[in-house]
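Chains as they are written, first to last, in this note's numbering: chain A, 1 to 312; chain B, 1 to 296.
Mixed in with the good hints there might be a few duds.
Mimicking DSSO-like on lysine-lysine, the simulated pairs with C-alpha atoms at most 27 Å apart in a straight line are [to be verified]:
| # | chain 1 | residue 1 | chain 2 | residue 2 |
| --- | --- | --- | --- | --- |
| 1 | B | K57 | A | K4 |
| 2 | A | K14 | B | K135 |
| 3 | B | K111 | A | K6 |
| 4 | A | K49 | B | K135 |
| 5 | A | K10 | B | K108 |
| 6 | A | K14 | B | K283 |
| 7 | B | K104 | A | K309 |
| 8 | A | K4 | B | K108 |
| 9 | A | K309 | B | K108 |
| 10 | A | K10 | B | K104 |
| 11 | A | K14 | A | K4 |
| 12 | B | K283 | A | K305 |
| 13 | B | K135 | A | K10 |
| 14 | A | K10 | A | K85 |
| 15 | B | K283 | A | K118 |
| 16 | B | K222 | B | K104 |
| 17 | B | K135 | A | K5 |
| 18 | A | K5 | B | K283 |
| 19 | A | K304 | B | K104 |
| 20 | B | K283 | A | K309 |
| 21 | B | K111 | A | K309 |
| 22 | B | K104 | A | K6 |
| 23 | A | K4 | B | K135 |
| 24 | B | K195 | A | K5 |
| 25 | B | K108 | A | K6 |
| 26 | A | K14 | B | K108 |
| 27 | A | K304 | B | K195 |
Not the full set, but computed from the structure, chain B residues with beta-carbon under 7 Å of chain A [unchecked claim]:
| # | residue |
| --- | --- |
| 28 | S103 |
| 29 | P129 |
| 30 | I185 |
| 31 | F187 |
Since the hints were derived computationally from the structure, they do not count as laboratory data. All C-beta atoms in this analysis are idealised placements derived from N, C-alpha and C, irrespective of residue type, glycine included.
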Amino acid sequence: MGTKKKNHFKRYIKRNYDLYILVLPGILFLLIFKYLPLLGNVIAFKDFKLNGGDTIFSAIVNSEWVGLKHFMRIFDNPAALNAVKNTFIIAGLKTIFLFPIPIIFALMLNEIRVNRFKRFAQTIMYFPNFLSWVVVGSLFNQILQTDGLLNSLLNIPQMERLSFLINPKYFRTILVLTDGWKSSGFATIIYLSAIAGIGTEQYEAAIVDGVNRFQKMWHITLPNISSTIAMVFVLTIGMQVASGSFEQVLIMANPTVYSTGDILQTFSYRKGLGAMEFSFSTAAGMLNAIAGLIIIYSSNFASKKLFGKSIW
Amino acid sequence: MKNMNRNSRKISPFSLINTLVLLIICTLFLIPFFHLLAKSLSGAYPVIRGEVGLWPKDFQLDSYINVIGNRQFRNSFLSSTFLATVGTFISVLLTIMVAYPLSKPYFKGRKIILYAFVISWLLTPSIVPVFFLIKNLGLMNNLFSVILVNVIYTFNMLIVKTYFEGMPESLSEAAQIEGASNLRIFFTIIAPLAKPVIATITIYSVFGYWNSYFFPMLFISKPHLRPIQVYIYELVYAAMGSTSGNISDVASKNVSSIPDVVRSTSVFVSIVPVMMIYPFAQKHFVKGMLIGSVKG
């Protein structure tokens, strides 16, 4: 029995050893660039100092364990607490306002019978998705700055003009709107192709029953794309907290709007590589990653239970 | 044709409103581009005075000659081209290589490796450890740092894996009977048949590298190596008077004398490659998303 199993294994290895050659570079990448820095996260539980050792490794090992001290500091630090609050508020606002928009766009586009216009509109809406936040930031900078398009459109007198980008009151709105401009097209296209996959028999039966356009949308189209909606929801909500706004805020924010715009990741970045508070920064980054993980994990779980669909 | 006629004769109020609203939405999507383009084609003074809306004033093309002739701009453009080509090649190759064994149910270790990828995707390490890792690997100011730090994107890998799983086993069976190795089967039979999904992740990757800002900003400080997004950022934002908290601003305080026209032109030229690849992207992106999201 034992030798048979051994022979089996031998044959498997002989036939398939090269499959391991194929995965090897990928595993090396995971270990070096993903799991090594994840291990490096231990400095969140230590008082890490760069000059604590000859190498970075010994500096980490030599530094003193301090338990949850740096995590506690987040809750004593007004700026950090502000960032925690903003992380959730911004993710929440984006979810509430931006999640339904692509569904509405897709339903509207689906009613267009002139294919050329339909394709044109999709092309326009989808394009900003392929631009970087640097470019999107620059585009809206041009519109929102002191001598920008919006100020002159609103006819505000020269002397009273201010950049919308330095007013904390407007900053979250700007984040939501620019994100909507950049990324709505992506989900719209996904919903449109899901709608295209619905069988025509259902609609034909509905026409016989004499239902109107809106009843068709509500009773046929939406239920048929519900699992797609769930998938997109799972993918976006977790990402929203985990990393969704990082580059956007990093690029568009400035100290005058930190009160409403600073999020955990930008805070962590400034504390870590700006102020050199490595352990504190790592603790803030970890808190953010864990919050994102919990949200994406639970929404994936809910999607699996409710719609039988999951992303892993 | 008949269908078209019937529709065009009977336009319902709903269709009319729907079309109008969509037209307005499309216009809102386009305004930022037209404004940028108009500014880049206008003379310096109308731009400073804020007179340029959606149509150029004092039309000129010198700014384009200036930007394309600018050595720093060209260097950044080349840097990003390197990332988008060499980076994409490495990224796509490694991604499909990992995805193939993971698509085989009999592959021992499949579950563990798969979970390792999903976890690494969901649990991102903090910035400080990543920074010190790159520093200690001696990859600072080396474009390979930007390429390698995210060389396999788990989401892409899952899309390819799902695609491979959908390919019939019979494709490789004949070759297997003739004694061909897995490597040979993979590179000569499987990979060529997976062109659609490879096209999809290639495009994801090209845009990903072209648009990447954060890691290049963190790892690349030598001006002649700076990728295009870092260059544009410094050009546009550093001029706003140190408004941002970014560290890279410190290095570039001397750009405030650059006219707005040149700034707009640089941004516009930086998105020209994106516009050129966009038609292919539109085709393949959706396909890939659909392949990837079919998971029962």
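Checked hints:
no.: 1; hint: K57/B <-> K4/A; verdict: violated (84 Å)
no.: 2; hint: K14/A <-> K135/B; verdict: violated (40 Å)
no.: 3; hint: K111/B <-> K6/A; verdict: holds (22 Å)
no.: 4; hint: K49/A <-> K135/B; verdict: holds (16 Å)
no.: 5; hint: K10/A <-> K108/B; verdict: holds (13 Å)
no.: 6; hint: K14/A <-> K283/B; verdict: violated (41 Å)
no.: 7; hint: K104/B <-> K309/A; verdict: holds (22 Å)
no.: 8; hint: K4/A <-> K108/B; verdict: holds (18 Å)
no.: 9; hint: K309/A <-> K108/B; verdict: holds (26 Å)
no.: 10; hint: K10/A <-> K104/B; verdict: holds (18 Å)
no.: 11; hint: K14/A <-> K4/A; verdict: holds (15 Å)
no.: 12; hint: K283/B <-> K305/A; verdict: violated (33 Å)
no.: 13; hint: K135/B <-> K10/A; verdict: violated (42 Å)
no.: 14; hint: K10/A <-> K85/A; verdict: violated (57 Å)
no.: 15; hint: K283/B <-> K118/A; verdict: holds (15 Å)
no.: 16; hint: K222/B <-> K104/B; verdict: violated (44 Å)
no.: 17; hint: K135/B <-> K5/A; verdict: violated (47 Å)
no.: 18; hint: K5/A <-> K283/B; verdict: violated (49 Å)
no.: 19; hint: K304/A <-> K104/B; verdict: holds (24 Å)
no.: 20; hint: K283/B <-> K309/A; verdict: holds (25 Å)
no.: 21; hint: K111/B <-> K309/A; verdict: holds (19 Å)
no.: 22; hint: K104/B <-> K6/A; verdict: holds (21 Å)
no.: 23; hint: K4/A <-> K135/B; verdict: violated (50 Å)
no.: 24; hint: K195/B <-> K5/A; verdict: violated (38 Å)
no.: 25; hint: K108/B <-> K6/A; verdict: holds (15 Å)
no.: 26; hint: K14/A <-> K108/B; verdict: holds (13 Å)
no.: 27; hint: K304/A <-> K195/B; verdict: violated (31 Å)
no.: 28; hint: S103; verdict: violated (10 Å)
no.: 29; hint: P129; verdict: holds (3 Å)
no.: 30; hint: I185; verdict: violated (9 Å)
no.: 31; hint: F187; verdict: violated (10 Å)
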